[in-house]
Amino acid sequence: MPLFILASIVVAIVIFILMRLPGIEYLFVAGYTIVQYIVLSTAWNILGGYCGYVNFGSAAFFALGAYSTVTLATFGLQLDELVPESMAPYFHLIFPLPIPVLIVIGGIVSGIVGFGTGYLTLRLRGAFFAIATLALSVVLATLVVNWDFVGGSGGAYVVRPGKFPGLGSYMQYLFLLMLGLAVLSVVLARWIERSRLGYGFAAIRDDELAAEASGVPTLRLKLIATTLSGALMGMAGAPFPYYIGYLAPASAFGLEYAVNSIAMPLIGGTTNWIGPVIGTILLGTLQQVTTVTISSAVNVLLVGVLLIAFVIIAPNGIVGLVQERLRARRQK
Amino acid sequence: MDFPFELLINAVVAGLLLGAFYAAVTAGISISFGMLDIVNIGHPAFIILGSYIAYYFNINYHIDPIVTCLILSPIFYFLGTAIYQVYYLSFEKRGQQSLRGLAFFFGVLFVTEVLLLLAFGVDYRYVATSYIGPSIHVGFVDLPLRMLVPCIGSLILFGGLQLFISHTFTGRAVLAVSQDQLALQLMAVDPIRIKRIAFGVSIAVAAMAGAFLIIIQPVEPSVGREYIGRVFAICVLGGMGSMPGTLIAALLLGVIESITATFYGPSWAPAVSFGVLLLTLAFRPSGILGR
Amino acid sequence: MTALLSVQNVGKRFGGFVALDGINLEVQPGERLGLIGPNGSGKSTLVNCICGTLRNEQGSVHFDGQLMNGLAAHERTHRGLSRSFQLPRPFPSLTLADNLRIPMLYTVHHRNGTPLHADNIDARCHELLQMVDLEKKARHLPRDLTQVEMRKLELARAMAAEPKLLIADEAMAGLSHSEIEDILALLMRLNESGITVIMIEHIMTAVMAFSQRLAVLVSGKKIADGKPEDVVRDPDVVRAYLGE
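Protein chains in written order, with the numbering used here: chain A, 1 to 332; chain B, 1 to 291; chain C, 1 to 244.
Heads up, a few of these hints could be off.
Pairs of lysine to aspartate or glutamate residues, derived as DMTMM-like cross-links and limited to a Cα-Cα distance of at most 25 Å, are as follows [claimed, not checked]:
1. Lys93(B) x Asp148(A)
2. Lys93(B) x Asp144(C)
3. Lys93(B) x Asp206(A)
4. Lys93(B) x Glu25(A)
5. Lys164(C) x Glu127(C)
6. Lys137(C) x Asp206(A)
7. Lys93(B) x Glu149(C)
8. Lys137(C) x Glu208(A)
9. Lys136(C) x Glu324(A)
10. Lys136(C) x Asp206(A)
11. Lys164(C) x Asp207(A)
12. Lys93(B) x Asp207(A)
13. Lys137(C) x Glu256(A)
To spell it out: a stretch of chain A is covered by chain C in this simulated footprint if at least three of its residues, at any positions, have a beta carbon under 8 Å from a beta carbon of chain C; those stretches are [claimed, not checked]:
14. 55 to 67
15. 210 to 223
None of these hints come from the bench; they were simulated from the model.
For every residue, glycine included, the Cβ atom is placed at its ideal position computed from N, Cα and C.
Next comes chain A alone, as it looks inside the complex (with noise of 0.2 Å):
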């Protein structure tokens, strides 16, 4: 385990030596993405993939986190409005937050939501859990569109600082975290795959009936998995507005959020923590390339496309088939 974090953080240094050589922002701005959908998709394996419980309320989780920055940014910059003024240098001490808290901070807020929504729905069946997180993304977006402290409808504007000291463009700052929080969910997948919570989340994948006979307490793992899931996706969320410079509800709820964290780790393969990386990388790859050169409408008509040829045709994915293939060649 220990060399395996070591591995995954030399791998995510060389990646970000390797993408300043050339010099070209625009790297970062792309990176960035399917970094981000590193840690989606990731977050999205651990419910979805190692318990069986379809979450379509990414989008709602990772627009927690993206509101809870824009919350608190917004609390910054109006401080001497709404704090008494007695009070207000010590704020102008914290404020305006670093990137790192808010992340916690949003982290903190998606996990709390997850853990709600898990708590008030996994005693039913597993469809009416799915198509709660469908509804928590409507009504968050509803509340959000109704909420003028966050600019409503119309969205908040947020500025990015231009520079980071030493490492020049402030992009570069926000890819490196996102680069870190991919490395931390990656370790927490494979972590929880070979740990006894790994064990207890195949069992009620399974069956929940004979998981439960076995002793799987099995309420108690599906909210851990619902509250590390949602934590993640938070926390993917958080530097969003710094990225995207002005967010509005369309683009933090937007429905490719949760279509790619779902499509990513069904075609890359949801048994392993390496399944939901290669999905981002192929399907993140690929709609930066149709995005750029054809559509964006195209590129996710080709997601569907792609998810519903896997789901039918190749079931566990592009290690699934890996795997399939290998076990046929040692029984020859």
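Dock chains B and C against the given chain A, drawing on the hints supplied.
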């Protein structure tokens, strides 16, 4: 004092008209999700598809949307049976419906939406018929024909479905599928065939609901998403597959939505159905008529 | 002597249908009890109420001196109550060895309060698979198993939780004569090692060969309980099985 009262009555009446239409929209889901245990979250996509086909024939050949969709529904029936066949072979048979089956319908929803977007664009589309525009006035109550016609059509459709389920052999077999597949097999009825027929019917009903939808409101490709929350809220609230329960729940939701939109503004409306759904799931998962 | 399992006045309804109507049943430590009854008589419902898969609205279940009412199924497993399912329910994506690992990780670990050593787990998996003649298939998935092997895996998984009481719910239905002998011998060996066994079965020869005591359920009521040879001669039981 007089004014809010009239407003309230009008809101309730509009809600009931809307609610009857919601019942027709949900009828398909009550069959597929409530009775067959197929979580077809792609259902609204078929409704929107029906709306767009009705739109196409209305604009180009001036055909009434209800007529178009009556002719369309047998085609949708076969589309439905084909989709069930794929679903059965790919997911149900392999026992993978809970994760991959859901993802499949999600993909269907998504692909349909984007295809409509590419074909018709993001603009709202509407139809032109003689009954869009005029209203009947009963006292201070407004009954717009564009709401009344779909309401009556929906009630006829809904009643027809209820008769089909309670009075035909196939219909009763559909009910039996939801309770005891083994008993059906003992009666030499193939449960897969029954499910295929029932799923076909649910999609055929979606075509009709599509016609009503585009009469009631202009349609754009992503409208379907709003209906996901609505149909599942009504289905769960109605007690999963109970037709009378579905009708009551639909009328209830229609009225709540209409009152919310009238008194708090339409921007809150989307949260109503989903909020009701979340509350129902949390506190009353067996529905209003449930034990 | 205090009973290991004590079921008192347990009742369960499904809507208007009374599935269990005031059942009383005691099982002593080390006993081999046979539980029989026609289809739909409530045997499986009783097992589900004892194991916590279903909640009984009426009456109480005590196990090992503790009240089980309100405890979830996994908590009852932690306290030493194990069951096999009538239709085998293996974890299909896990290998046979990993199937057995689940109860060890979650039940034995919980009971001991300390993590099991990886080597101990492997050794115990091997031992259990050997007990049911499946050690050669340790790395296979359940889909590679035959019907009888599936039943054996089901029993091995129940045993992996190191229970005090094992409830074998129709572990032999649909098996051939020699396969029944196999499973019967296995259950006998388990009982000799000190585990109390409740066997729910339709196959009368197996029940008679196995049970020290026999209880009979008919339409949610217990109509007989006693020595097997007496019970099968009981006129009520004969009537229930052969019709009026």
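Here's how the hints hold up against the structure:
{"no.": "1", "hint": "Lys93(B) x Asp148(A)", "in the structure": "50 Å, violated"}
{"no.": "2", "hint": "Lys93(B) x Asp144(C)", "in the structure": "17 Å, holds"}
{"no.": "3", "hint": "Lys93(B) x Asp206(A)", "in the structure": "15 Å, holds"}
{"no.": "4", "hint": "Lys93(B) x Glu25(A)", "in the structure": "50 Å, violated"}
{"no.": "5", "hint": "Lys164(C) x Glu127(C)", "in the structure": "18 Å, holds"}
{"no.": "6", "hint": "Lys137(C) x Asp206(A)", "in the structure": "19 Å, holds"}
{"no.": "7", "hint": "Lys93(B) x Glu149(C)", "in the structure": "23 Å, holds"}
{"no.": "8", "hint": "Lys137(C) x Glu208(A)", "in the structure": "24 Å, holds"}
{"no.": "9", "hint": "Lys136(C) x Glu324(A)", "in the structure": "21 Å, holds"}
{"no.": "10", "hint": "Lys136(C) x Asp206(A)", "in the structure": "23 Å, holds"}
{"no.": "11", "hint": "Lys164(C) x Asp207(A)", "in the structure": "24 Å, holds"}
{"no.": "12", "hint": "Lys93(B) x Asp207(A)", "in the structure": "16 Å, holds"}
{"no.": "13", "hint": "Lys137(C) x Glu256(A)", "in the structure": "44 Å, violated"}
{"no.": "14", "hint": "55 to 67", "in the structure": "violated (count 0)"}
{"no.": "15", "hint": "210 to 223", "in the structure": "holds (count 10)"}
The structure fails to meet hints 1, 4, 13, 14 from the earlier list, while all remaining hints are met.
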